[in-house]
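Protein chains: 4
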Amino acid sequence: MLLDTGVLDREQAEPILRGLSELLADLESGALTVEGPDEDVHSWIERQLIEAVGDAGRRLHTARSRNDQTATALRLWVRAEIEGLLAHLVMVQRQRLEQAGEHLETFLPGYTHLQRGQPVSLAHHLLAWVWALDADARRLQRAWDAAGQSPLGAGALAATPHPIDPWHSARLLGFEAPYDNSLWAVADRDYVVETSFSCALLMVHLSRWAEEVILWTSSEFGFAELDDSVAKGSSLMPQKKNPEPAEILRGKSGRAIGDLTAHLVQLKGLPLTYNSDLQEDKEALFDAVDTAAGALRVSLPLAAGLRYRPERMAAALEGSYVTATDLADLLVERGVPFRVAHERAGAMVRVCEQKGVELWELDEAELREHCPELEAGDRDALRPEASVRRRKTWNGPAPEAVAAQLVRATEAVDRVEAWLEARQPPPIVHAFGAGELLAERIPGSEAD
Amino acid sequence: MLLDTGVLDREQAEPILRGLSELLADLESGALTVEGPDEDVHSWIERQLIEAVGDAGRRLHTARSRNDQTATALRLWVRAEIEGLLAHLVMVQRQRLEQAGEHLETFLPGYTHLQRGQPVSLAHHLLAWVWALDADARRLQRAWDAAGQSPLGAGALAATPHPIDPWHSARLLGFEAPYDNSLWAVADRDYVVETSFSCALLMVHLSRWAEEVILWTSSEFGFAELDDSVAKGSSLMPQKKNPEPAEILRGKSGRAIGDLTAHLVQLKGLPLTYNSDLQEDKEALFDAVDTAAGALRVSLPLAAGLRYRPERMAAALEGSYVTATDLADLLVERGVPFRVAHERAGAMVRVCEQKGVELWELDEAELREHCPELEAGDRDALRPEASVRRRKTWNGPAPEAVAAQLVRATEAVDRVEAWLEARQPPPIVHAFGAGELLAERIPGSEAD
Amino acid sequence: MLLDTGVLDREQAEPILRGLSELLADLESGALTVEGPDEDVHSWIERQLIEAVGDAGRRLHTARSRNDQTATALRLWVRAEIEGLLAHLVMVQRQRLEQAGEHLETFLPGYTHLQRGQPVSLAHHLLAWVWALDADARRLQRAWDAAGQSPLGAGALAATPHPIDPWHSARLLGFEAPYDNSLWAVADRDYVVETSFSCALLMVHLSRWAEEVILWTSSEFGFAELDDSVAKGSSLMPQKKNPEPAEILRGKSGRAIGDLTAHLVQLKGLPLTYNSDLQEDKEALFDAVDTAAGALRVSLPLAAGLRYRPERMAAALEGSYVTATDLADLLVERGVPFRVAHERAGAMVRVCEQKGVELWELDEAELREHCPELEAGDRDALRPEASVRRRKTWNGPAPEAVAAQLVRATEAVDRVEAWLEARQPPPIVHAFGAGELLAERIPGSEAD
Amino acid sequence: MLLDTGVLDREQAEPILRGLSELLADLESGALTVEGPDEDVHSWIERQLIEAVGDAGRRLHTARSRNDQTATALRLWVRAEIEGLLAHLVMVQRQRLEQAGEHLETFLPGYTHLQRGQPVSLAHHLLAWVWALDADARRLQRAWDAAGQSPLGAGALAATPHPIDPWHSARLLGFEAPYDNSLWAVADRDYVVETSFSCALLMVHLSRWAEEVILWTSSEFGFAELDDSVAKGSSLMPQKKNPEPAEILRGKSGRAIGDLTAHLVQLKGLPLTYNSDLQEDKEALFDAVDTAAGALRVSLPLAAGLRYRPERMAAALEGSYVTATDLADLLVERGVPFRVAHERAGAMVRVCEQKGVELWELDEAELREHCPELEAGDRDALRPEASVRRRKTWNGPAPEAVAAQLVRATEAVDRVEAWLEARQPPPIVHAFGAGELLAERIPGSEAD
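So the sequences go chain by chain: A, B, C and D.
Residues in the first sequence are numbered consecutively from 1, following the numbering used here.
Residues in the second sequence are numbered consecutively from 1, following the numbering used here.
Residues in the third sequence are numbered consecutively from 1, following the numbering used here.
Residues in the fourth sequence are numbered consecutively from 1, following the numbering used here.
One thing to keep in mind: the hints can contain errors.
In this list, chains with the same sequence are indistinguishable; a pair is considered to hold if it fits within one copy or across any two.
[Said to hold, decoys possible] For lysine-lysine, the following DSBU-like pairs were computed, each having C-alpha atoms within a straight-line distance of at most 30 Å:
| id | residue 1 | residue 2 |
| --- | --- | --- |
| 1 | Lys241 | Lys282 |
| 2 | Lys282 | Lys355 |
| 3 | Lys232 | Lys355 |
| 4 | Lys232 | Lys282 |
Simulated from the structure, these hints should not be mistaken for laboratory data.
Please work from the sequences and hints to get the whole structure.
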């Protein structure tokens, strides 16, 4: 950019570009490692460059400052990390989609208040988490967007008198635009907070799923068994299989929320522009991103290690009158006002309790005595499976509805993946990585 | 919707629609108030309706549940509140824009580390906050988007066997789409968390501005004086003028962060689907929104009551060598490598310190002795005002650059305002409010 | 105090004391209510006093400021509220003690990782919560201690030239001592933070208990049933009994944590001494205390409404080999090194799994084939009940050990209650309440 | 303990004790390092012991479990770390005490609302922080107390059938008592939360002091200058001296608050007893303790590097009428009711403002015209220094009062230091460290 705008001429810029290219090559080959007495990596680069190309390197820092440099570096890091998080998130979603495809007709109770409510399918249940993660994906993409403003050109706080082109710098680094205001460019950490917020809510979602894994693998629920590869034994109790990965995952949500709190506290009450408090954002940000990335990674083998037990799920559909609502809805279909139907269904549940039978085991005659609107065969509609099959509206659990939902969920995941695949390394990386753009820019430099 | 899909026929639906319309009219006229032994407002409405239109009212609850109803009501509330917040936010931005327009040539030091850094203009400084608020506006709009999925049709958790049309319900309420999955529809509170997050970060931004108001109105800074209308006296110290509104505003950021924490904690570890913990989200959400709305409201008279004192700002440009960077940049323009220029500027500062003069007061000859690259007249470029005028890049503080920035900032605010103006009440509100759509829907109903 | 130190003479003080006494009497009788245009209650009192006793009232404010007054008032409030919290907490503990006394021989699995671990008694389980609450009681008492420093005499921030006696003021208000430093006296809010911290950790404890209530009343666990008085029905699913009070209690832990966060954020970065940010501590403090008080109150009927189901608990002791550890320990008693014994117990569990029998149902011969160290009759020691009865160390679950623990727990609760009973209203309250101390202090005042 | 209670006999215990002693010696000499495939350090110790002493080592785990072991280890760590924190905290207090001793007669404005309030002394100001830290010391000591219950004997969750003595184990490790309830022993993490809470509030106190350092070293305040050893330069602005250590310290308060949040979130909703979520408490605990320790450490050179500038402090006592309250108090002494005196003082401030003079520069005649109660010489009492000297009550800023306060503050610090010095390593450490107790316990073992 300094060359293109004429702030540096070819003679001044060429050794810098060549020197930086060689520095990068040496770092990538391992011939060089970042170490030394320098205050930070930016000072280290400048020192290395000067050692390599001499006085020309002393022009490197022209029209910039550590305040805009560190803010730029952190943005590039955030964008790369978010892309990594999304790649893992998509893998988790794909795994759920696949499992859902296998369980369109595996039925279990849906719960509210941890009480059995109505029958649904396992596929429907698994897809709920896909949609939760889809919302996380969109939040992460917005944090990525938030990191897309380039602070370069803001200098220490007040821009520069040199005739630079911040739009050009932005484009070279893959940013969408430069900041409009140099003061806010160095004071703003919204993209950091948005990233840790996205991680915190993602972790909260995962903690909810983890809670279910813990519940489902308990003896009491027994909806799933954990493969030995992800269950841990006890040092004292030889019979136990503990869902430790799920518990740790649940516990880690605390850390992500703590990291978000840290960021908000750090920013509270800071006057413009840069204050060194902002330096402290890194630890919490790294921890938030690592926590989220690790949680997504660990959830893959954990989910793979869950062996669902459809027979236990089916058993749980009995004994709790989970189709009482269906009886009410059936009466509504037969013309009974809902509120009346609801009361009648409640009465029938009490009858069943006294007799110790399921709703669908009631004597047909007795059923129609209480509910004369019912027709022959209606009793079978009270079986859990029939109940699920009847609820085939847009977002309902009937196999055909869930099959359609599965297509939509797959499309949603495809969209995120397509977005990820469309990511290109910023032009400048291309340049320094391959030397092409560099060569094109500096005629004759390939002669070296 | 129940009528349009045929779940209820005209005869069944008509009394409900008429009854609800009358109920609304009575509420609006004050003839009726919401009170009674009912569990919640939804039960109250049903009871009122049954009292008004008889048995027909018992069909009101067809194909829905309190779980999807309360989730729907909260979403409508969130959207309306966010629109209110944005309307206030835009007013705050407009106020800053206006003040900025008056202070393109009012110069003061920009600070890093609360140390005087480089000269900027007050307009540039004020616009920094406009951009901060612009980011808040976008976050609020996204929370508004997040609240735009309709949970109707999800029932208690597992949808409904009735052939309803969730897309139709969604549209009538102004939502963009229904949920794809009934379980997630009743379990999801992301829109609540996103709203309180938006409020928390907005409050953090305002706390930063408040900190500056407190600093600037201190005797030590003196960059502004508070009008008596917003300053508070002391019960013991008769001479004091305390910036209480700014302090309270700063303190309230704690509350907004606490509300966000509350939401994240409440969701942590909750299994699918609805759990009554979610009921507790309301207090914290109401508090977060009220806190943000109040803060925006109070910041208007507070900012209006700030009387800037350009003479104190100008005085602060002296004595701290705030143009030392300009000297370095000037040397760079004259061909000196930046790192060398930077060291030379540091040396000149030490010379000035010894002599007790400003950089622009140095003897020209002495200046050029140390910096032979300088040309005649260069010394004047070291005056603070000259320094600002020279930094005219895209996001810089020079008056002409800030004038252009002001145009862009105004456009950004215009965009939010245009979005707000494009908001329409959802069709159903229109219907019940005016009776028109209702009349159109039920031929003959106007005869009643 | 002003009278006793001679800052005011009898003639000046007497109308103030009499006026304040009458003001209090009027407030208590309802003849007077606090309302008006005054900035706060302190200004209101001063105005009322001046209206009642004339110019003498203008001396009320001598040697004090609103900064030390509000800090004093809040401390008195905190102490009274903590006493109220402790009174409720003791009631909750007593309830648990009583239930424990009834269930020394009700056995159920103790859980780790939500997996059945080893058999314990319900009494043992209930007492765990008594000890948790005992720790909360001690934390609340320490917050009460922290509120026991009197800020009076600190004035606005810098004390007073009048020859007052801060120790005397402190004692009159029941405080232990005055602050040593006037600046810290008005800047310190540690007692507020300690109070909200105590409430937050108390709420976290209650959230853990609430989670157990929710688990235990699920169909899957079934360890308890909720009485209709505390269970809530469903608007859609007529068969459901939801543990709403427990869920809300669990959700409210988020609010208490949020309040603590709010306090810490508000204090962060505040320079000495008083800043109006501190004014904002009240909302969060009131909410924290109300939340904790409400949670304790609601937990009484909730616990009373839990009907334990010993038969379900007993059933849960089967099928999970919860006495495998006992087998290991038995082998240790017979001389086998623990690590070897542990491995052997694991092997026996696998044998049982293959045979589909419990450990205590194994053929004696087969058992001794694998474990030759065992003696005749040892097999019966593997029954859950026998297992509990054998673990009678200091903190173990054997009925005789728990009976002793129950005595200790009762003593711990007694200690808190004795402390509460030893609380006396501060002398000054006594004085104004009864008029006695006042009469004694001002000869002749009873003539009025 | 196992030996003393006869759970193991001498022959079984001796090789274990000898083996552990040798293991410790090898670790201390560096001959051995903790590494290997073991699940945790407890498994590693057992494996090493078995390798060293053979089968005897397989009895090590008798009557315990990793759940009580890890809880024990963390408690020992917490106690040692808190002692380390207190040692640093005392050093910080001593430093402030020393500085205070030098500045009894250095006067500056005390601030409320960041507005100059009344004159105080620098010593008084510095001592405010000593008292704040004294409260932190007491909180840390209570967290140390909370970590003083021994979980040993609780086993995995349900104690043990072996006739062990938990009181004996507790005493050997320096704990005050064993837990009363085995379930709570493995479920309780209150001591972790209390430790991180103590660290969080300590960091909030330090953030307040850091804010003052940043304010005081700004050009505007100028109450102190930072020594080059602790100030950082700018990469772009050669003239700057940034208070980075203070800013970082302020920023780190966010981290400590985040760590506390993490702990509370992790515990929320966890049922009894141990859950692996608790494993995650370590990262946040280590970070909280390290953050606090680092902050205390860095604050020593930072405070040492502050060069106070009494002349700037003195200058700040002019121009803001900081003795207006003194005028009111003087009038009160002369018999004027406070409220009237307060209004008169306000009027005199306005007179001074018009005339552009200080209160003590007013014409004596004019002063007495407005305030006829004043006597000759009273005007001089309005000088800042006189004002400080007159406020000599218990917690006031007069040099003689502060000298007495300094003695009390020193005694408070002495108490903490005496407590620290009274700490002894637990008997068991003594035993293993010196071999003496061991030798005494196992006759003949010295022959080895």
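For each hint given before, does the structure comply? Return the numbers of the non-compliant ones in rising order.
As far as the earlier hints go, only 2 is violated by this structure.
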